[in-house]
Each structure stands twice: as structure tokens, then as C-alpha cells.
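I would like the entire structure built from these sequences, with the hints used as guidance.
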Amino acid sequence: YVDAPSKIYGYQLGDGGIGQPPPGNLVEKFKQVADLVSRQWCQPLANYTVFTPEVDRSIWSVQFLSGAIVVHKQSLGQATLITHVRKVAMKSVTSKMYAGGSLKAWRLKLDAEQRDW
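Using our numbering, you'd call the opening residue of the sequence shown number 941 and step up by one each time.
You may find that some hints are simply not true.
[Claimed, not checked] Think about it this way: if two alpha-carbon atoms lie no more than 35 Å apart in a straight line, the pair counts; the simulated DSBU-like pairs of lysine-lysine are:
1) Lys969 with Lys1044
2) Lys1044 with Lys971
3) Lys1013 with Lys1044
4) Lys947 with Lys1049
5) Lys1027 with Lys1049
6) Lys1049 with Lys1031
7) Lys1013 with Lys1049
8) Lys969 with Lys1013
9) Lys1031 with Lys1044
10) Lys971 with Lys947
11) Lys1027 with Lys1044
12) Lys971 with Lys1013
13) Lys1013 with Lys1027
14) Lys1031 with Lys1013
15) Lys1031 with Lys971
16) Lys947 with Lys969
17) Lys969 with Lys1031
18) Lys971 with Lys1049
19) Lys1027 with Lys971
20) Lys1027 with Lys947
21) Lys947 with Lys1013
22) Lys1031 with Lys947
Simulated from the structure, these hints should not be mistaken for laboratory data. Because the structure is a prediction, the values reported are computed rather than measured.
See the structure below:
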């Protein structure tokens, strides 16, 4: 949440601040991951990327703790579960459920980010 030029652990920081968009704010980036892992259950047709497709597919959950962000990698069993749930969900989810425009706006926001990693 550093919003003024500062050097911490040898890294120059300063374009962040609470609520500021990535890449200057890592917390906001990982809040996007929370939406990403939830989409597998409630938005199986939502096709967007937070980091890279490979990294996104490997994440099972993200936790926000006091001073830390914990990312849990997806196990083989969890990946199998997601595949099954997606097949079931695809039978009840239609493209009409995404017609309100929020998903399109979300994709545009993610696509506009600087991703130099």
C-alpha cells in the first residue's frame, strides 16, 4: 500500500496505495485472483486471465492474512473436481447470464493492465 516513493528491501516502490490498480498494488492483483478461483464454480464460461493461463489454472485458493497473502496450488484431485463441476455447470449456465456487460468490463480492465512479468 506504499503510495509515496520508498525503497524497501532494495526495491523501489511508490505507485501503489490502497485501491490503486496493479501493477503498483500487489494486494489488488491478488483480489483479482479471488474472483478467478470463484469463476470456476459460478462462471464456467468466463474466459479471462489474471496472470497467465497456466498460472491461473494452477491456483486453488487465495487467502488474505494480516501482512500476508497465501496462494494454494491446485492438486490433481482438485483439478479433477473442477473438471467435473465445470461439466455439470455448463449444462445450466448460458451466455445470457453474461449479457449484463460486467464480464466484458472486467476483461477490458484486466487487458488494460501492464503485465511485465
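Violated hints - listed by number, lowest first: 20 and 22
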